[in-house]
Structure formats: structure tokens, C-alpha cells
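Q: Just so you know, we're using the numbering used here here: the sequence shown kicks off at 1 and counts up by one.
FYI, nobody ran anything at the bench for these hints, they're computed from the structure. Model, not experiment: these values are computed from the prediction. Wrong hints could be hidden among the right ones.
Said to hold, decoys possible - With a cut-off of at most 30 Å between alpha-carbon atoms, the simulated DSSO-like pairs for lysine-lysine come out as follows: (1) K306 <-> K339; (2) K3 <-> K48; (3) K295 <-> K232; (4) K295 <-> K47; (5) K48 <-> K4; (6) K359 <-> K295; (7) K4 <-> K159; (8) K306 <-> K359; (9) K4 <-> K218; (10) K232 <-> K159; (11) K232 <-> K218; (12) K218 <-> K47; (13) K218 <-> K159; (14) K107 <-> K218; (15) K159 <-> K3; (16) K218 <-> K339; (17) K306 <-> K295; (18) K159 <-> K107.
What the hints assert, rightly or not - Distance ranges between label pairs, derived from CB positions: (19) A44 <-> A366: 46 to 52 Å; (20) E96 <-> T237: 29 to 35 Å; (21) E56 <-> I139: 42 to 48 Å; (22) D379 <-> A148: 18 to 24 Å.
Each residue gets a CB set at the ideal place from its N, CA and C atoms; glycine is no exception.
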Amino acid sequence: MVKKNAVERRLDVLREQWTEFAQLPEARLLRWVVEPEEVRMVEAFLKKEGDERLGECPDLFLRMEEPFDEPARYGLALREALVRLETESHPGLEAEGLSPWPGPPEKVGATDAESFLAACESLRCHHASLCEHLAVVLIPAGGTDAGAWLQWLRRTVEKADFPQVRLVVLEDARGLGLEPLAELFPERVVTIPARLDMARAMEELSREAGHLDTPGGKFRELFVRMGNAATKGNVGTVETLGAQAVSVAADNELHSLEVTARFVMGAALLGAQRPQEALEHYRQAEAAAERSEAKGEPEGRLLRLKARLAQGAAWVTAEEHAPAAALYEQTAPLARALKDARMELECWRMASWCCEVRKEWERAWAHGQRAWEVGQTLDAQTRETSTLPYVAEALVRLSQERRGHQAAREMEREVESVLGRDWRPEAPAAGGR
1 MVKKNAVERR
11 LDVLREQWTE
21 FAQLPEARLL
31 RWVVEPEEVR
41 MVEAFLKKEG
51 DERLGECPDL
61 FLRMEEPFDE
71 PARYGLALRE
81 ALVRLETESH
91 PGLEAEGLSP
101 WPGPPEKVGA
111 TDAESFLAAC
121 ESLRCHHASL
131 CEHLAVVLIP
141 AGGTDAGAWL
151 QWLRRTVEKA
161 DFPQVRLVVL
171 EDARGLGLEP
181 LAELFPERVV
191 TIPARLDMAR
201 AMEELSREAG
211 HLDTPGGKFR
221 ELFVRMGNAA
231 TKGNVGTVET
241 LGAQAVSVAA
251 DNELHSLEVT
261 ARFVMGAALL
271 GAQRPQEALE
281 HYRQAEAAAE
291 RSEAKGEPEG
301 RLLRLKARLA
311 QGAAWVTAEE
321 HAPAAALYEQ
331 TAPLARALKD
341 ARMELECWRM
351 ASWCCEVRKE
361 WERAWAHGQR
371 AWEVGQTLDA
381 QTRETSTLPY
391 VAEALVRLSQ
401 ERRGHQAARE
411 MEREVESVLG
421 RDWRPEAPAA
431 GGR
């Protein structure tokens, strides 16, 4: 028998959890409680089981991502989505000699939840020879209003009278907003924490990959353990493992790996509000990137850019805005040389913001203008995901500060001519206001 790897073993755990739930005759809703790092694994399980060629459960899994923007008709939207999914599958069913589902029954006076559940049962009955249960996984696109979501699920669970139609929701272990529902329907709503221990899984995968006696294998093992320690906030462990990882990388002239290890240590220290120590790691990362560049490694210059931007973030976190502004000014030409207009824009934006914090209005304005010029060279798609609206907002602000209301209004008109009337950002930009 072929030994299963760490991922396959966790898929087996999830399959066992599902089977446990499916065998409960009164159960209707599986409330799968997952940690953030477990979500991808659970979704991998659902994707696999949703593929009839790969799935091992005797059940049909359907993932529904209809938006929950109209709670009163969410069930109807799901019902319509079921019809679309079935229509799209007609060619495949016919090729296998199976008759298509004729569609859900009409039920006069039914609520949206009742219409949805009746459609599910109709679909399951039609495909009874193919599956024991119909499992509908509800993952609304764009998130949900917690209160409205809880109420919709409550109404739906109350009406869920078909034992072979099961609903599945993934709940973030950090929130547990569906606890009242589980308490209200202890038999119908089954709570199962995934408990996959993904940190251990990554370590198991690293060991299973072997080659731990090679520099690359040693570094991989240390790096995985560093990442797990960083996730848990164990900064001391990150530093200890990081020092070992840096030693392995440096001794073998694996400069890009040394940069990577330094970044993890720096990020952990920044998160612990120790920016000066983080800054030193980012400086060492830049030095390693320079060694990589000197060897002719193509990633060296890009790593140097990233290391300098990380130093800027450390200076800003330390509220040392003068050296941060100088660093961003000096880094913009590197971004330009790499033809990375997005990062060049960000360098000038942050240089401007740091000067604005110091009330150096003219210098802030000059840097903001450089950012604005770079931003206007971006293609439409890149511009939409860039920080150009924050540059525009800063320029309007600086116009007001330097020359008053009329200048600010003129700047707004210029911005509108480039970005349109609805240009203002909805939330503060990272690292700047």
C-alpha cells in the first residue's frame, strides 16, 4: 500500500468528519469550524468530492457562491443557480446515458427557503442512483451580514425536512457567530471543528520531501518551522530558527534564500512592535540581495527593491519619517530601472506622505506630483488596483494646505479628468492616510 502524505491524510480526516455527519439521521446543517489556515484544505476536499471522477464519498457535492445581498430572496437565487448548474451538465449526462433533471417543482406560497429545499430534494431524487445525499455548500460571494445570515439559516434549518439534503457552511473559528443556531437546533445543526493542525502538516510535508541532509532540504525544514512559529507569534523561536536558516543559506551562497529568511524575521519583529530590530534584518536582506545581483542572479535586483521597501515600512512603523522619506526617494530610481511603475508610484507616494507628516509641504507636493505622473502612465487595469487614488487624495489635501480652497478644487478637477468623478478611496491606504 502506498503511504499517504500529510495532505492526503488530512483529506481523509475531512472525509471521516463528513461521513460522521452524513450518518446522523436528524442532521441537516454541517457547521464546519475552520481556522484561517485550514480553509484551503477544506475547499480542496470539497473540490475533490465535487468531481465525480475523483470523489470518494457516495454523495453529490455542489458549491454555491450566490451573493447574499438580498436575504429575502437568497433561497430563490440558490434555486435558480441549481437550475443553471444542471442545465450546464446536460451534455455530460446525456453522453453517459442519463436523463437531465426536468427542473424543480412549483410550490405556491412557499418561502424562498422552502423553494430552495424542494428544488434540492427534487434534484437529489432525480439522481438517486448516483448519490446518497445532496450536499449543498453555501459560500456566499462577497461575505454576509452576520445577523441576516444567522436568521436565514435559522429559517432554512427549521424547514429542512428532507433527510438526504444536507447543507454545509464553513465558519471561521475566530468568530463563531453561528453558535446560537447550534444551540437552538442541537440535532439538526452539527458542529465539527476541522482540527487539521496545518502547521504540523507543513512540517510533515517537508520531512516527507526528504533531502534533509542537503542545504536546500535543511533550509526548507527550518523555513517551514519559522513560518509556523511566526503564525503563533513566537518571535523568539522565529529568531532562533531564522538564524540557523540564514547560516545555512549564507554558507552555501544561497542569497535569495537568505533574503527570504530575513524577511520572515523582520516581519515577526515588526508585528511585535520592534521596528529597529526588524530594520536591521531588512538591511541584511538588502546586502544579501546585492550579493545575489553581483553573481548575476536575475532575481537579485528585485529582491533588493523589496528589501528597501521593507526598510521603509520599518522606518514608518518606528515613526522615523525623515529617514523613511529619504529611503523612498532613493529607491524610486531602482523601481524605475526594473520597469515596475506600480512600485515607483508607491515609492513617491510614501516619500510624499512622510514629508507631509513632517509638514514639509513643498517637498511633499513635489514627490506627490512625481507619483501622480507615474500613475498616469499605468494601464487601466493596473491603475485600478494601484494606490493612485490615495496619491490624488494627498495632492488635493496638499493643494488646500499650500494655496487654499481654490487650488484644492482645481486639483480635484484634474483628478476627476483622469480617474472619474467617483475616485475617492473608501479606506485608508496601508502606510499612509
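Q: Does each hint hold? Answer for all of them.
A: Do the hints match the structure? See the list:
1. K306 <-> K339: Within the cut-off at roughly 14 Å; holds.
2. K3 <-> K48: holds (19 Å)
3. K295 <-> K232: Violated, at about 36 Å.
4. K295 <-> K47: violated (44 Å)
5. K48 <-> K4: Judged against 30 Å, a Cα distance of about 16 Å means the pair holds.
6. K359 <-> K295: Outside the cut-off at roughly 42 Å; violated.
7. K4 <-> K159: Violated: K4 and K159 sit about 41 Å apart, past 30 Å.
8. K306 <-> K359: holds (27 Å)
9. K4 <-> K218: Holds. K4 to K218 sits at ~23 Å (cutoff 30 Å).
10. K232 <-> K159: violated (41 Å)
11. K232 <-> K218: holds (22 Å)
12. K218 <-> K47: violated (33 Å)
13. K218 <-> K159: violated (56 Å)
14. K107 <-> K218: violated (64 Å)
15. K159 <-> K3: violated (44 Å)
16. K218 <-> K339: Distance ~35 Å between K218 and K339 Cα, so the pair is violated.
17. K306 <-> K295: holds (18 Å)
18. K159 <-> K107: Holds. K159 to K107 sits at ~14 Å (cutoff 30 Å).
19. A44 <-> A366: 46 to 52 Å: About 50 Å separates the Cβ atoms of A44 and A366, which means 46 to 52 Å holds.
20. E96 <-> T237: 29 to 35 Å: violated (54 Å)
21. E56 <-> I139: 42 to 48 Å: Violated, at about 21 Å.
22. D379 <-> A148: 18 to 24 Å: Once the Cβ atoms are compared, 39 Å apart, the range 18 to 24 Å for A148 and D379 is violated.
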